[in-house]
Structure formats: structure tokens, C-alpha cells
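Protein chains in written order, with this note's numbering: chain A, 4 to 385; chain B, 4 to 385; chain C, 4 to 385; chain D, 4 to 385.
Treat the hints with caution; some may be incorrect.
Since the list gives no way to pick one copy over another, a pair counts as held whenever it fits inside one copy or between any two copies.
Within a straight-line C-alpha distance of at most 25 Å, the following computed PhoX-like cross-link-like pairs (lysine-lysine) qualify [to be verified]:
(1) Lys167 / Lys155
(2) Lys215 / Lys100
(3) Lys78 / Lys298
(4) Lys78 / Lys142
(5) Lys215 / Lys155
(6) Lys142 / Lys215
(7) Lys100 / Lys129
(8) Lys360 / Lys129
(9) Lys100 / Lys167
(10) Lys142 / Lys298
(11) Lys167 / Lys129
Simulated from the structure, these hints should not be mistaken for laboratory data.
One-letter residues, chain by chain:
There are 4 protein chains.
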Amino acid sequence: MIIVMRGDVALGSEAVQEVVRLASRYEGVETQVRTIEGATRSLTEVYLLGSTATVPREPFEEMVGVERVIRVRAKYRAIGRHEGEAMEVGFVYNGIKFSQDTFHLMPGLCAVDSRESVDATFRVLKSLGISTTRAGAYKPRTSPYDFQGYGKVCLPYVFELAGKYGISVIAMEVTHESHVREILDALEASGNATGVMLQIGTRNAQNFELLKAVGQQSRLPVLYKRGMGITLDESLNACEYIASSGNHRIVFCLRGMKTNLGDPHRNFVDFSHVPVVRRLTRLPVCVDPSHAVGKRFVGPDGLEDILQVAAQGVITGANAVLADMHPSPAEALCDGPQALLPNELEHFIRDMELVRKAYLDRVELRRRMLGALAPLGGRASG
Amino acid sequence: MIIVMRGDVALGSEAVQEVVRLASRYEGVETQVRTIEGATRSLTEVYLLGSTATVPREPFEEMVGVERVIRVRAKYRAIGRHEGEAMEVGFVYNGIKFSQDTFHLMPGLCAVDSRESVDATFRVLKSLGISTTRAGAYKPRTSPYDFQGYGKVCLPYVFELAGKYGISVIAMEVTHESHVREILDALEASGNATGVMLQIGTRNAQNFELLKAVGQQSRLPVLYKRGMGITLDESLNACEYIASSGNHRIVFCLRGMKTNLGDPHRNFVDFSHVPVVRRLTRLPVCVDPSHAVGKRFVGPDGLEDILQVAAQGVITGANAVLADMHPSPAEALCDGPQALLPNELEHFIRDMELVRKAYLDRVELRRRMLGALAPLGGRASG
Amino acid sequence: MIIVMRGDVALGSEAVQEVVRLASRYEGVETQVRTIEGATRSLTEVYLLGSTATVPREPFEEMVGVERVIRVRAKYRAIGRHEGEAMEVGFVYNGIKFSQDTFHLMPGLCAVDSRESVDATFRVLKSLGISTTRAGAYKPRTSPYDFQGYGKVCLPYVFELAGKYGISVIAMEVTHESHVREILDALEASGNATGVMLQIGTRNAQNFELLKAVGQQSRLPVLYKRGMGITLDESLNACEYIASSGNHRIVFCLRGMKTNLGDPHRNFVDFSHVPVVRRLTRLPVCVDPSHAVGKRFVGPDGLEDILQVAAQGVITGANAVLADMHPSPAEALCDGPQALLPNELEHFIRDMELVRKAYLDRVELRRRMLGALAPLGGRASG
Amino acid sequence: MIIVMRGDVALGSEAVQEVVRLASRYEGVETQVRTIEGATRSLTEVYLLGSTATVPREPFEEMVGVERVIRVRAKYRAIGRHEGEAMEVGFVYNGIKFSQDTFHLMPGLCAVDSRESVDATFRVLKSLGISTTRAGAYKPRTSPYDFQGYGKVCLPYVFELAGKYGISVIAMEVTHESHVREILDALEASGNATGVMLQIGTRNAQNFELLKAVGQQSRLPVLYKRGMGITLDESLNACEYIASSGNHRIVFCLRGMKTNLGDPHRNFVDFSHVPVVRRLTRLPVCVDPSHAVGKRFVGPDGLEDILQVAAQGVITGANAVLADMHPSPAEALCDGPQALLPNELEHFIRDMELVRKAYLDRVELRRRMLGALAPLGGRASG
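Required output: the full structure, derived from the provided sequences and hints.
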């Protein structure tokens, strides 16, 4: 760990002495003070050597005269892409593989509203060869006076119908640890007719107790949605809570950031971070274009913004796409108009396949023109 | 509820028909379509009359051709400042009154690190006549590898020492509903030597399950910290979860927003919202200058930024001020340098009192120069 | 124009009377007050009819009791996509067509640093069949102590070499109206060996005097770069300054927004707005991936983030791509490492062509599966 | 200058060699490579020694393997508060002193709309003993179709009336360098009846050509308004353009930042930066509460938000307060309702004086309780 002092702090000053004194209170830590003379000023640094892994950064950061604290160690210990680990590491759940090399479309119901619409939705998915979906039973809402989802009451028929139509994985948000138990029980009662990927919503992105809870079980994988008002770094650290609790089967999902700079979309679409997450971690990356855009807009080329931003994720290597759909929007009491229609769903699937193929062609073109990849850490990283 | 159609949607268009059809599916709701002719264009609106309280807004917002949905009803049903309710409504807890008319300083330990520092802290507070404080036992941290607080282990001595030094209320963050039970048990074991105000941290600002949990008990009041990346409106709606669950004893705390526009402060100080929260709700308003500023900076006038922004809250009517302090920062392993020292604490208290008096003088000056207040809703609101 | 009153303002209240009085002071404007009774409250609106085009919105917006002012008229009068104008309207400059249907790559020098590098750059472009580029002579810099570009001194050789290598259009930033004259003079002196597209940088996005200056001449088209800290709506309004001054030959360029939510990229990439600008206006849309990303990062698939975000623009219909390149980065004193190398340039071109083709295939797929486009305004807009 | 390499870059790697090679191309620069061994990884740095003042930072920042570039030199060369310069440096203009120790109220017309309102405004100001004001002749507007101000046409009567009522300084926005000439001419024609402080608006905060233009003259001081979407650091650097061009008579004005996190205020009030600017620079600091809040809101204590946020600036040492007022808002076609009324103006003045006195009392209290100030750089800075 390196403590960089402010430019105006001299080598022998009290501020430097204080840093050294504090550092010396940690067992097994040695310090070394270095100074560098510039043309008009000098810069001083205190180096902490030895067992610095458990030395906290904050006490130094907050000291008078300290400019910055640099920790010389790997970030994202559990989920990060470290040297010598260039190979992707995914997982297989209920027969479906998720990794940085796979690609899945997960259209489905934002909120379960009736057995009929679940049946119709799954039937359409089956007819189009889709076995991964989403279905919301527990719905966190901004206002306590809005519909909060049917909860565990709907689980039996959702799972039964999933089994009937060959759905293997359902992404389903949980907002309390008890929901995990309810889901596991209902799955068992259904004879494990299907599988569930526990979704952590953006409002719970730093609900560390919930993250630890889904991390401490290993039966179900987790779809983690990035926090809408925190940095990417903070969201990745939050994922570390899941992984460090024992569950490494995580999919990281981008869903847009909360700032009016993204208007007229509901959120500022952040799918430019698809390659970033793929580089910084070994997690498969998902995008949620429906919640990012939030409304249906059609361009002069006939393409909806929801498909357009989905394509932006896929052309850069996204491994999964969530999308709201509804078998009969006119009868849905909620989210109907935002949902894709069955005939649009087929177009959505073909469009995404077209773009996925273009992405794979891009990777091949790169290999052909620029040669084999340098070993990671060679050319760059970031 | 009023559905405002986009400017290019004609009275007889399909889009309007769809809105009407959807509206008619809600029981007890009548619709009325109105159009207004401008010079060059026209505007159409669909009015929903009758039992619209349970009609959701989203299905309409997401429809093609809909510009905006206006709900004609009061906001913040439980915590809001509504007509005929101009009088402030506070609460008394453990002998201390909290309302929009009271003023309390709550300096204390960000994190409990030892019995000794708790003892020394409370002793200093007693010597300065302070009986409200903060003390962190459960600490949510960005990284799972950082110190997470001593949890329930430290509660017995914290409460015992609080009793010894006459501390009446301790603000203490909880990150899981089980912490409420632990705190209640420890309080009882201490012979109710003191009182605890449950603090909801910014990372859990939309952890609705936790909000409902602290709302469903009424033994302990709640200090709700605003979410750092969501709008004020969303944070106030989150408070509605607490209040609508049954617990109206809430203090709303501002602590800065997460955006680099606030650099070099850790957060963008948002204490300009003190008068806004006081106007929109009946909740007492607290400010946390330590976490807003995040570091000690001293100005050319000798005043630290932490005191300066605290003064900004108080000069506009803030009802409480949290502040990190430590009896011996040089021995603290965490947050030491950010904390106020004992001799600074006395200055902090006198400074805040000076500013509080200036605020009260401002209110009196206004009354003298501009006369009695118009009844709310008369002159304005917001 | 419609003045929507706050929910608590009654029909006969003073606030409504004030709105009516103010409105009546505008000639040719009639008012009509309407109220709607909800279940528990009522809502009142004042409609301004007649010659409201010149009635300002602010005086009403700022009145006590006013919730919102809605203007019933088309936005973006000059550049907008209005009904009956669904056909794209582009322009031809120096033999090159720019429209929402064309596609151009514009790699080039961020800053002109020597005749040699300009010569080498243009030679490479010619060898790859590129005749559109960028070259910076006037460089606005955050600090006055940084290199500010060679200005008009370099124009003669830049234009001469452009002519030699068949470059037809050079995007070149101007920061003062006098630069337009300097460029026109130098172009003439070169025998109009090439053409220049005047670039308005993000720091001047609301420098209305400069916008009017480039709008009042019609010899040179304009590449307008979106403001980095204002909404899209405000940037489009700024374009109206150019167009309403007489020059409709505008290309709108996205280049990322300034917020730390986009970290680790220099800016938050905003190419999700490509379809938005194409829908709201008739302007061709350009993307600048080099300044959006700001640094070279290579993903596990070997693709650089700069190419990845460029692909995100192109897969959704972007009409042009700016990109920094340098013939010999090792010898460049500025921006070298960020620039593409000649061998990378060819890969960049092939990659962009691959993605452009995928976009065209997407449009064709949509037509085949969902049928011909509804006339604009039919299905939707935005 | 210090080039900090990424954690995974080894001492002998190609990346380090490239940095050294590039550095060696600058004359008079020597390099030194240092590495530090942590427990599990190592960190390498390249130190540039000698004549590094003109070595640009970007080429290194953009290199593969570079983590960060630290320049060891003073920031804000011209306006900054450097060691040994702890004394404030202000200026006197037209008999009025502006410094970090003075305090001025500058209520006035946002936009000049008629001779009558100017006359009435100045008359009120004189009656209340105010000789500093604001008056807008050149108005930049988001849309080109809105009122743009009367420009130079109104200058003669504005200056004549200022002379009549003893107004010494008028803050007046300029959006083009020609306006400076027009103002100087009109001042001369009026027999220098008053003085003008050139205001740079937030939209021109990085219009460097305009900044240089107002910096190259020294007749008139400058009121620089912070950019609404850039960091404080960037705005201070922009001020360096003015100062480094020759004009050090600058007042720095805070006016709120553009982000919806500040809702319901028009802008996110940033007056927490008052002490920051006072610490980082020697410039007097002004606040503009009218444009920050943007609308009139009255709290339950009868105080308007505009006065409340103004008080937040003043309680922390702000040296000036701009405020919109109008002698007869009911007759104003623009901004009337936002403006203070004459009777409110007196209350505004008394309120601000009360708060200014409280600030001075705070400084005295601090001196009394904590002793004389440590020499700058001693205790801290930031």
C-alpha cells in the first residue's frame, strides 16, 4: 500500500510522521518514506510493506496531507479477471450453460398477472424454441400504494407451466431472503419442473444482507442488476459479496443509469459497459433493454429503441438479453404497452440472432486481420 | 387521473380509443375525452373520473400516443404536509422531543471500536450537556473484505455506558430486520438504560422489506437517510413505506448525493433540500455533514467544511445534526482523522448554537417585516 | 398553450386569476379556464387560445400555483421531423452526400502536429479509399497552459495535402467566428483543393453567438457536437440556432456525457441516442468513439472499447464515425497512444463496414417480417 | 511528473520502456524508474525530472499500462491560493472593494425590459442604500425563438439612470466580445455615470475565446459564473484563461448545477462550494440563489427557498449575492413572478445582513475557542 502525500507536504513534516506512526500500529507492516524532487516542488510517499492485506485504506485517506492511497493488490478478488485466468469460467444450471461465450434470450413477463398469461407466454416461447425467460412474482415498487406482485401464491402454477412448456430457467426477482426459501419449496413441490435464477434488483444493489443470503446458498444462480446510481466499481464490489459468500454462479446485468442526461429514455443506457464488465470480470453479461428504455419508440427505419439498444449490447458480446413481453398486452393491467407482442417476439429473436452472428464475425475478422490474442496483461487491460 | 395525449394524436384516433378502452376495464371509472384547439395544432386529454385511486399509472404511460399521466391526489399520503395540516406533528421518544420545531446535536462514533472509546465519547458528551448521539454497530461496507462492525456483541456495553452518562437516544444503523430484535433485546437486558433510533442507511434507501420491518414495529423511531442516487421524491416515497406500515416516528436525514459535480467533497452536499423536506412533509429534518463532506478541509477563515455545511443546514431550519467524533483519533483504527476532537466538539456545539439562534432570529425578522404567515396553500407551497 | 395549475389550487382562487390576467395582456390571446373533479381533489387548467406562438412560457411557469406549462406546437421547428416530412433531407457537399441514409468513416488527426504527419495520414487514408477525415487546427483546452493548436498557420499545408490525396471533406473545429474567415481564405488560396466541415465542440455547444455565426454562412456545413452536461433537448435547441440562422447543412455528433457513472470510460457513452436523434430530427448522426472512451482498453475478445462503442452507434444506424488516428503514434507528442495505427485503421474500416452491413440487414429483416412502415405519426413517434 | 504504471506492469516490461522512450524525447527531462514490492504484487513508477513544466500529461495518460499521471506543481497558477500568499487579494472598482473580506448585495433586473422598470428598480435600490446591482441586456436563451434581450439599445438609459440613482457597479452578461466594446462606448457616452462588471454566463463557461477577450482588457472586472455541467476544477481552470490573459479582477459566482438530483429546484444548489472556492483561490465568491432555485417556494416558516439558499452561501462566507427583483412583477412580461418585490427586497437585505453578521460571529467564535489560525499549509488545505 502506498500513501501519496499532498504536493505541499515536506519530507520531515508532522503530517508524514503521523502517517508513519499510524502505519506502525499494524502488525507486520514496515514503512519506507520516499521523496522525489521536481523542478519547483517535491512529492513524498509512504510505502507500507509486509502484511498490508488487512490494513484499512480509510484512516490514511482521511489524514491531513494525504492525497491518495493506492492498494497494490488485485481488485474483485472473487469475480475478477486476474492474470493466468484468461480462460472464461461459466456455469451450467439445469442443463443451460451461462458463460462469456454463450448467448441466451430471456423474454418474459415483467410481472405475473394471471395463470392464463403465463400459459400463453410460455407456449409462445416454446413455439419459438426459447427455454430461458423472466417472470416477476415479488415486485418492489417506488410507492407502497402500488401493486407489489402476487408473491409465493403464483409460484405453483408458474413452475408447473414452465415444466409443461420446457422452460429451463426463469429469472425471478427476490427482495427478501425468505423468498429464496419460498422458491426452493415451490420448486420442490413442482418436482423441480424448472429452474430459477434469483434476480437482485437495482434497488437492492447494495443490500448487502440480501446479497450474502443469495450467496450463502448454492442451489440457485444469481442475476445481479447493477445499481442505478452508483459506479460500476461499486456494483462489482457488491457482486463480491455474493461470490465471497460462496456462490460464484452469477450473471451481471446492465439496465441503465438514473440521470436525466439519458432523456427521453427512462434511464441512461449503459450498454457501453458490456465490454468493460467482460474485461474486468469473468461473469457472463446480460442487458435489459426494456427497463433501460422504458417506453416504446419507433425510429424512421421501423426499429424500436428497445431492439436498438439490445443490439448495442449484443454487437459487443452481451451473453444474454432480458426483454418484457406479454401474450396479450391489451388485456394486461400492467406494462402491457411496453411489452413485445408474440409476432414481434419472433422478429426480436431473429434480429438478435442476426446481431449475435455479426458480433462473432467481428471477432473472427479481428483474429484474421490482427492475429492471435496476446496473452492477457500483455497488450493491455484496463 | 388525466391522460394527456401527445400533440400529434387526434381526437378520434385509435390511440385515444385504446386509452378509453383500457380505462373502461377498471370498475367504477368513467372517462371523458376533451380536446383543445391551438392556433396550429390541437391537444387531446382523457379524464378518468370516479374510483381512480387504485388505477395504476404505468399502463397508460406506456401507451402509444400518451404524453403524460397526471394523478389528481395528494402525494406522500402518510408523511406529507396536506391542507388543513399546517401544524407540525413530531414525537417524543425517551423523553426527547423531535419535531420541525426542535433542535438536537448528535455527535458520536461512526463505528464502535472499543468499550474505551465509547466510554470516553459518552463522557465528553455528558460534560457538554449532550444526550443524543450516534454509534455504529452494524456497518455496511462497499467491499465485503472491509471491517463490518462488531454487531450485537458491542450492544451491552454501549447501552450500559449510555445509561451511565445520561445518553437518551442513540442513532444506530440496521441493515437487516434481525438487528431490530437484537437491539430491543439488548435494550431490555440493559434495563432500558437508553433509547435507540433505528437508522436506515443510504444503501438501503429502497430496501422496501427493511423499511416495512422498521415500520411494523413502533417501539423505536427511525432515522431515514436519503438515497444517494435517487430523486428526493423517490426517497420520500420510500419513507411512506415506513409510515404506511404503522410507524410515523421518522426523522429524515440528508447526507449528500453521489455525483462528481460535488468534488472535492465526497458527496454533493444537498442541504438546500432542508427547506424542501420541511415544506413537503411534516418530518423533522436532520443533516449529516461528516458523510457529506467526507474529509477535513480548513478554509482561510479557519472553519472546517464539515462545520460550514452543517451551518448551511441549520441556518435554514434543520432539526438535528449528526457528526462523527472520536475521543482519540490517533488511536482509532477507522475514521479517526475525519472525526472531531473533544476540544473541537465544544466549538462545534457553540458554533451550531450560534447558527441555530440566527435561524430563529431570521424567522422572527420575517414575521416582523412581512407579517403573519398566510394559511398554507394561500401564498404558495411547492 | 395550457397552464396546468397545482392540485391544491381552486377554480376561483387568486392564483388562477393572476394567470388569466397575465395571459390577457398578450394581444390576440383568449383564455378559457377548465376544472376537473377527481374523487378527492380537483384540477384546474387555463387554456390560452389564439396567437400564442410568441407568448413566453417562463412567466407562467414561475407563477405561484402553476404546475406545468404545455405548449401545443412542434418542437425543433427547423431541424425537426414533422408530420408529412417523413422523407430524409440531407445535403451534398464537395461531392459527398450526408444524410440519414449515407455512411462515412472520418478517421484523422485529433490535432495537426506537423506537415509530415498530415502527409502520412492522408496517404494512408487514400490507400484505404477514405476521402473524409478530421484534422484539428484550433484546439480548445481545459487549461490555458496547454497546447492550443497551430491555428491558421497549418491550414495551407493541410489543404494542399488534402488536395494531393483526394480528401474531400475535413471536419475541423472552430472556436471563434474569425476562424471561419481564416478557413475560407485558406481554402480559396489552395484553389479549393478540399472542403471543410466546421466543427462546434462540446464546450461551445451553447455558445449561441458562434452558432449564429456558422449558421449565417452557407459555404461550409457544420458538425455539431452535443453538449456534455446538458440534455439532448437543449443540444437540439442549440442546433436550431444554426438552422434558424440559415444553414441547414448540419451533422449532429454524439461524443459522450460528463458523469462519473460512465467510469472507467472518460465519458458516459451516449450512442443509445443515435436512434433518438434520427427520430426527432432529419439530421445525419455521427458518433465520436475516441473522445467518448478516451483511452485504449482491449477486451478478452481482442476488440478495443473504441471499436466496440463505434459498433454500437453503427448497428443502430449512425451515419458517420469520427476516429482519432496517427501515422506514427510513437512520434506524436500528443494523443499518440489513443490514436489508431495504420494497420489497425484497415481493421477499423472493415469492422465498421461489417457492422454497417448488419444494420442494413436488420432494417431489411424488419421490413420482411413486420411489413412496410406505417406512415410517420401512425404507429408512434417519441 | 510521475507516471504511475498499472499494477500488473512489470519493471522490465515493454510498457515501461515505451514510457521512458517517450519521456526522453522531451528536452531537459531525465527519467528514473522505481518499483515497490508489495506482499503479492509490485508497483512501478517512472519519474520525470527536470524541465517538466511543458511536458503534456495526455500522451502518458493514454499509454497502455499507465494508471495515472501526477504533476508536481501548483494548480490554478494565476488565481490559486499558494503558499506564502495566505493574504487575500481583492480589487477596487469604481469605488467599491471586492475581496474575500467584503460583502455586497446585488439585487436587480434579470432582463432589462423598459426604461420605466429600470428607473423604478434603481430608485428602490437607492432608497435601501444599495449601489451594486445586476441588469441583463444580452440574454442567451435555450431556444432561438425566445426573447434575446434589448442589447446595446438599452445601455444609454440604463447607465444614465444608474448615474442618477448612485449605482456604482452593474453586473451585465456578455455573450460576444463585441459587447465589451459596446458597453465601454456606452459607458463613455454616459460620462462614466456608473461601472459595469462583465458577466460570463454558465453556457459560456468554457467559451475560451470569450474568456480571453474579457481577460485581455482591464477596464472592467469580470463576474464568472460556474459551468453547470462541468467540475469545479474545470471552471477554475476556465477562470485561469481570464487571469492569465491579464485581468485578475474576477469574482467567481456559484449558480447551481444541472442534474435532476436537485429537483424540485431548477438546479442542484452548490453553495457548499463557497468555502471550497475561498480555500482554493483568492477570488471573492458570489452566489446566485434566484437561478439556482428557479422558482418561488415558501416554507412553513414563511421563508422562501431563494432566501434560504442565499443564507446558506452567506453563513459560510460568500462575498456577494445576486438576486432577481422587479419593481412591478405583475407588469413584467418575463421573470416577474420569480423576482422579489420592493417590500420583500428590504426583508431580503435585512435577512442577509443578519446572516452575514452571524458568519462574522462564527469566525470570531472560532478564533476565541481554537486560537489563531495556523499558517496556511500548516494544519491543512485540500
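| Homo-oligomer pair classification [Lys155, Lys167; C-alpha up to 25 Å] | within (19 Å within a copy, 48 Å between copies)
| field | Alpha-carbon proximity context of Lys100 and Lys167, limit 25 Å | value | Cα proximity of Lys100 and Lys167: one copy only (21 Å, versus 56 Å across).
| Using 25 Å as the alpha-carbon threshold, which applies to Lys78 and Lys298: within, between, both, or neither? | between (37 Å within a copy, 20 Å between copies)
| 25 Å Cα cut-off: does Lys142 pair with Lys298 within a copy, between copies, both or neither? | Only inside one copy: Lys142 and Lys298 sit 19 Å apart there, 36 Å across copies, limit 25 Å.
| Given identical chains, is Lys215 near Lys100, meaning Cα to Cα at most 25 Å, within a copy, between copies, both, or neither? | within (24 Å within a copy, 37 Å between copies)
| said: As a check of your reading, is Lys78 near Lys142 (CA-CA no more than 25 Å) within one copy, between copies, both or neither? | reply: Between copies, since 21 Å is at most 25 Å while 33 Å is not.
| task | Pop the pair Lys100 and Lys129 into one bin, within, between, both or neither, using alpha-carbon distances up to 25 Å. | result | Within one copy only: 18 Å inside, 46 Å across.
| 25 Å Cα cut-off: does Lys167 pair with Lys129 within a copy, between copies, both or neither? | within (10 Å within a copy, 61 Å between copies)
| field | Within, between, both or neither, where Lys215 and Lys155 count as close if Cα-Cα is 25 Å or less | value | both (22 Å within a copy, 18 Å between copies)
| field | Identical-chain pair category, Lys360 with Lys129, by Cα at 25 Å | value | within (22 Å within a copy, 31 Å between copies)
| said: My question is about Lys142 and Lys215: at a cut-off of 25 Å on alpha-carbon distance, are they close within one copy, between copies, both, or neither? | reply: The answer is both: 20 Å in one copy and 14 Å across copies each meet 25 Å.
In the structure shown, no violation is registered for any of the earlier numbered hints.
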